[in-house]
Amino acid sequence: MTGRKQDLIPPEGVPVSFQISSGGSRLGAQMLDIIITFGGVFALFVALIWMGLLSWAFMGTLFLLLIFLVRIPYYIFSELIWNGRTIGKKITHTRVVSADGGRLTPHQITARNLMKEVEVFMPLTTLLSGSFDSGWTGTFLTLWMLIVLAVPLINKRRQRLGDMIAGTLVVDQPKAILMPDLATKLMVDRVEFTFEPQHLDIYGRYELQTLEEILRAPPKTPEAVTRMSKVTQTIHRKIGYTDRILPEDHWHFLTDFYRQQREFLESKQLFGDARENKHHDMNKPKP
Amino acid sequence: MSSPTTNTQNTLRSSRFRAEREVGWKELDSLITRAESQGMSSLRYEEAAALASLYRQAMNSLSVARSISMDKALLAYLEALCARAYLVVYAPQESIRGAVTRLFTTGIPRAVRRSTVPLLVGFLALIMGAIIGYILFSQDPEWFYSFVPSGLSDGRVPGASQEYLRGTLFDDGDRDHSDLGVFATFLFSHNTRIAIFIFALGVFAALPSFVLTFYNGLMLGAFWGMFAQAGLGYEVFGWLSIHGVTELSAIAVACAGGAQLGLAVLLPGNNTRREALRRAGPDAVKLMILAGLMLITAAIIEGFFRQLVQSTELRLFIGWGIGALWLAWLLLAGREMDHADRGQS
Chain A
1 MTGRKQDLIP PEGVPVSFQI SSGGSRLGAQ MLDIIITFGG VFALFVALIW
51 MGLLSWAFMG TLFLLLIFLV RIPYYIFSEL IWNGRTIGKK ITHTRVVSAD
101 GGRLTPHQIT ARNLMKEVEV FMPLTTLLSG SFDSGWTGTF LTLWMLIVLA
151 VPLINKRRQR LGDMIAGTLV VDQPKAILMP DLATKLMVDR VEFTFEPQHL
201 DIYGRYELQT LEEILRAPPK TPEAVTRMSK VTQTIHRKIG YTDRILPEDH
251 WHFLTDFYRQ QREFLESKQL FGDARENKHH DMNKPKP
Chain B
288 MSSPTTNTQN TLRSSRFRAE REVGWKELDS LITRAESQGM SSLRYEEAAA
338 LASLYRQAMN SLSVARSISM DKALLAYLEA LCARAYLVVY APQESIRGAV
388 TRLFTTGIPR AVRRSTVPLL VGFLALIMGA IIGYILFSQD PEWFYSFVPS
438 GLSDGRVPGA SQEYLRGTLF DDGDRDHSDL GVFATFLFSH NTRIAIFIFA
488 LGVFAALPSF VLTFYNGLML GAFWGMFAQA GLGYEVFGWL SIHGVTELSA
538 IAVACAGGAQ LGLAVLLPGN NTRREALRRA GPDAVKLMIL AGLMLITAAI
588 IEGFFRQLVQ STELRLFIGW GIGALWLAWL LLAGREMDHA DRGQS
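Here the protein sequences line up with chains A and B, keeping their order. According to the numbering used here, the first sequence holds residues 1 to 287 in order. According to the numbering used here, the second sequence holds residues 288 to 632 in order.
FYI, nobody ran anything at the bench for these hints, they're computed from the structure. It is possible that part of the hints are untrue.
Calculated cross-link-like contacts (lysine-lysine; reagent style BS3-like; alpha-carbon spacing at most 27 Å) [claimed, not checked]: (1) K359(B) - K238(A); (2) K90(A) - K5(A); (3) K359(B) - K230(A); (4) K268(A) - K359(B); (5) K220(A) - K230(A); (6) K238(A) - K278(A).
Covered by chain B, per the in silico footprint, the following chain A stretches (three or more residues, Cβ under 8 Å) [claimed, not checked]: (7) 112 to 122; (8) 163 to 171; (9) 255 to 263.
Rough simulated footprint, nothing fancy, chain B against chain A, three-plus residues with beta-carbon under 8 Å [unchecked claim]: (10) 15 to 25; (11) 65 to 71; (12) 95 to 102; (13) 211 to 220.
As the structure is a prediction and not an experimental result, all values here were calculated from the model. Yeah, the Cβ is synthetic: ideal placement off N, Cα and C, and Gly gets one too.
Pulled out of the complex, with its shape left as it was, chain B reads as follows (with noise of 0.2 Å):
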C-alpha cells in the first residue's frame, strides 16, 4: 500500500486525473473570464462551441473529483469553476427585444385570459367601493370628507357652487400647455408608484390590496355622489371617463396581480406557500406591467387631452373607446398559439 516512489512518477491516482484534466479547465478558465469581462459575443463561434463542451467536461471532472480527491484545494477550485461557467453557460439568452415582443403578443394577454378570479376581485373590490362610496354618500355628506383627503378635493366639496364644480371640469383657461407634459408624467409616475404599492401588498394575503382598491372605490363613489347633487353626474362621468376607464382598469388589474399572489399565500393547494407564490409569480407580474402600462395611457390621456378635449360626448367617446381596444387586445391576442400549445400538451 505504501510501496515508495523511487522516480517521479506520479502515483496517485487523483494527481493523475488533475494532470489529465487541468489543460482543459485553464482554457475554460481563460473563456469564462473573457465572456465574463467583456460579454460572451466577445466570443468567436469555436470558442463558444468549445465552451460548451468545456464546461460539461469540468461538471465530470467535479463529480469524479467529488468521489475520488482529497485535495481540497481541487475540489475548491471546480466547485468555483464550475459554477462560474455555469452562471456563463446559463445566462438569458432572450434579447430584450424578443422578451418584450413576447411580453406583448402573448405573454400578458394570455395572462389576463388565466387570471380571472384575480380580476373578478379587483374588479369587485373597485366597484363595490364606489356603490358602497355613493350610498354613504347620500345619505349623510358629511362621509365625503371621511373618504376623500382633503389635498385631493381642492374646493370641490359638498355644497359648493354649481359653477365652482362646472369650472373645474371644463377649465382649459390658464393651464399653460407647455405644462401638460409636467402634469402628465406627475400623474403616471404617482399612480404608477400607488399601483406597484397595491400589487406588493397582495402578498399579505391579497386583503390590504382590496382593502387600498376599495378606498379608491369609495373615494370615486363620494366624488360621483357629490357632482351627482350638484346635477352635474353627467358631465363629472364624461370627465372621469376619458382617462378613468383606462386609469381605474390599471389599479383594479394591479389589485388582480396582488391578489394573484395574495391567493396564492391564502390558497396553496397541495403546494407549500412558497412553492404556491412561485407559479403564481409569472402571471402576477405581467398583470403588474399590463398595469403600468395602462397607467402610461391614462396619465397621457389625462395629463393633455382632459384639458384639450372639452365636450363632454367627445371625453366619453375617446375614453370608452380606448376601454375597448384595450379590451379587444387582451381577449384576442395569442389566441391562435393557445390552440397550438393546447394540442402539443
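Excised from the complex, chain A in its bound form (with noise of 0.2 Å):
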C-alpha cells in the first residue's frame, strides 16, 4: 500500500507533492528509536559500572533523570533541531512536515511528540508489564490499544493522534534525479520515420510516458531486444503506419515516434486539448 501523495502548497501557491510514508517505515523508524535511545543509556551505564567512577547515589539520579528525557524530550529535541528527523527518521529517510504548507513549529512538535506517551509507550510498557491477565479491564485496554494503534493505518493520511492534533504530516524525504531529456539525447541528424497528424492521433499522454519508460532502458538482451520490437509492432499497427520497418531500424522508429508524438501533444495541450490517454476520443466516431 504505497504511492499515496499528498500536496501541500507552500506560500508560493504551486502545489508540491510529497509521498506519504509507509507504515512499515513510520514503524521501523520508531523501533530504531527506541532501541537506540533504551539501547544507548544501558550501554552508557554498562560503561559507568564498569568504570565504577561515580557514586551510587548520583547514578541512580542520572538514570531516572536520563530514562525520563529519552522518552518524550528526546523526540521533541531532535525534531526541533534536525528539522522534523529523529535519528531513526534519518534511517528510513522519512520526515515530519507542517500539512498546511508552512514551516513547521516548536508547539507542533511538542504536541505531537507528547502524544507519543499515550500512543507508544503505554501500550509498549503494558505489553512488556504483561498486566492483560484481569479479565474485563485487561480486555478493555487490549481493545483500546488496537483502536489507537490501528488510527493511523486506516486513516487517508496515516496521522497518528498526535499528527492530527499538530497538523503534521509523516512524508518520505524526496530523492531528485534529473534524467536526460529523451527528445534531445535521442535525437540524430536525420529523421528516418515521418508520422502524419492521423498517425499521432491515436494515443495519449499516459501511453507516452509508458513509451518514456521503455526508452530510458536501450535493451541489452535478447529478451528485450524482442520485447522492443514487439512494441514497435504494436504500435506501428495501430497507428496505420503503411510503411515497412526493417528490425533494425525498430529503436530508431520508437525514438522517432517518441519525439514527434510529445511535440504533437504538447501543441495540443497549449491549444486546450489535453489528451491523458488513448480514449480521448472515445464519444468521436473512429475515422
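Once you've looked at the hints, go ahead and assemble the two chains, each given alone in its own frame, into the complex.
As C-alpha cells, then:
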C-alpha cells in the first residue's frame, strides 16, 4: 500500500506533492529510535558501572533523569534541531512536515510527541509488563490500544492522533534525480520516420509516458530486444503506419515516434486539447 | 505539424524550456544538498540569497512544466527538487533559545489566561474529588482502602497510632541527604509521566483526564481525612502544602490541557473535529509544558525541602508562597503586548 501522495501548498501557491510514508517505515523509525535511545542509556550505564567512578546515589539520579529524557524530550528536541527528523527517521528517510504548507513550528513538534506517551509508550510498557490477565479491564485495555494503534493505519494520510492534533504529516524524504531529456538525447541528424497527424492522433499522455519509460532503458539482452520489437509492431499496427520497418530500425522507429508524438501532444495541450490517454476520443466515431 | 527536423536545432518547446532552465535547477540542487548535509549556516550570504531566488524560479518552472511538458522524468525531478528546496527554505528559523524565551515571557501566561474553562474543569475535578473523598471517608473509613493503593499508603492507614503518623510527617532522621537527589528525580519523572498521561488521554473526549484527576482528588481527600481523624489535620496540611500546592496544581493544569483537547472533540463548533483539535493544540501544549515545569519544581521541593524543613508554619509559608509566585507570573507576564496585539487586530 505505497504510493499515497499528498499535495502541500507552500506560500508560493504551487502545490508540491510528497509521498506519505508507509506504515512499515513509520514503525521501523519508531523501533530504531527506541533501540537507539534505550540501548544508548543501557550501554552508558554498563560503561559507568564498569568504570566505577561515580557514587550509586549520583548514578541513580542520572539513570532516572536519562530514562525520562529519552522518552518524550528526545523526540521533541531532535525534531526541533533536525527539522522534523529523529535519528530513526533519518535512517528510514522519512520526516515530519506541516500539513498546512508552512514551516514546522515548535508547538507542532511538541504536540505530536506528547501524544506519543499514550500512543506508543503506554501500550509498549503494558505489553512488556504483561498485566493483561485481569479479565474485563485487560480486555478493555487491549481493545482500546488496538484502536489507538489502528488510527494511523485506517486514515488516508496515515496520521497518528498526535499528528492530527499538531497538523503534521510524516512523508518520505524526496530524492531528485535529473534524467537526460529523451527528446534531445535521442535526436539524430536525420529523421528516418515521419508521422502524419492521423498517426499521432491515436495515443495520449499515458501511452507516451509509458513509451518514455521503455526508451530510458535501451534493450541489452535478446529477450529485451524481442519485447521492444513487439512494442514497435503494436504501435505500427495501431497507428496504421503503412511503410514496412526492418527489425534493425525498430529502435529508431520508437525514438522518432516518441519525439514527434510528444511534440504533437504538447502543442495540442497548449491549445486546450489535453489527451490523458488513448480513450480521448471515445465519443467521436473512429475514422 | 510533424515537419521533419533536418538539423540538430531543437524544435520541441518543452525541451527548449528545459535547456534554458536546467543550469538554475542544478545550481539549486547543489545548494540544497549542501544545506541538507551541513546546515544552512554553511551557505555564504550570496548563496543564501541565490537559494531563495532559485527556489522561486524552480517553483515557477514546476508550475509551467506541469502545463506544457509531457516528460515524466522531468516532472518527477522538478517535483522532488521543489519539495527538497521547500523543506530547506521553510525550515524552522527560530533558535531554541528564542522559542524558549518567548514561551516563558508571553506564550505560557497568555495560554493560561485564554483557557479559563478548561482550567476550571481541571481544578474542579481535583477539588470535587478531594471533597467527595473526605466525605465518603468520614462516613466509612473503609473507603480509604478503595481509594489509596496499598503501595502508596505505606502503613499510613486508618487506625494507625498518632505517633506513627506523626513520624511519617516529621522524619528526617534515617534518610541520607545524598539520597534526596535520587528521590527528587524519581518523583519528577514519575509525576511528569502521570501528567503527560492525563494530558494525552484528554483527546478521548476529556473524560479519562477528568476521571484520573478526580481520582487523584479522592485519594487526597481520603488521605487528609485519615490524618484529620488522628488529630493531625493541621500538620498534614503543612506537609502536603509545601509541594502539593505546586504539584496538585500541575496535575489540574495537565488535566486542563487534556480538557482543552477533549472539548475540541466534544464541541468543535463550526469547524470539523480535526480542525478544532488543531486549533486547540497550541494552548493545550503550552499548558502541558507549564505542568511539566511545575512538576520539576514540586519534585525539588518534595525531594529536598520537605525533608529539610520540619516546621509546619514554614512549610505552609513556602508552599503557598511559591503558589502565589506561580499565580503572579501567569496573571501578569506578557500583559502589555496583549494590549498591543488587540490594538493591531
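Outcome of the hint check:
| no. | hint | verdict |
| --- | --- | --- |
| 1 | K359(B) - K238(A) | holds, 23 Å |
| 2 | K90(A) - K5(A) | holds, 20 Å |
| 3 | K359(B) - K230(A) | holds, 23 Å |
| 4 | K268(A) - K359(B) | holds, 17 Å |
| 5 | K220(A) - K230(A) | holds, 15 Å |
| 6 | K238(A) - K278(A) | holds, 11 Å |
| 7 | 112 to 122 | holds (count 6) |
| 8 | 163 to 171 | holds (count 4) |
| 9 | 255 to 263 | holds (count 4) |
| 10 | 15 to 25 | holds (count 3) |
| 11 | 65 to 71 | holds (count 4) |
| 12 | 95 to 102 | holds (count 3) |
| 13 | 211 to 220 | holds (count 3) |
The earlier numbered hints are all upheld by this structure, with none contradicted.
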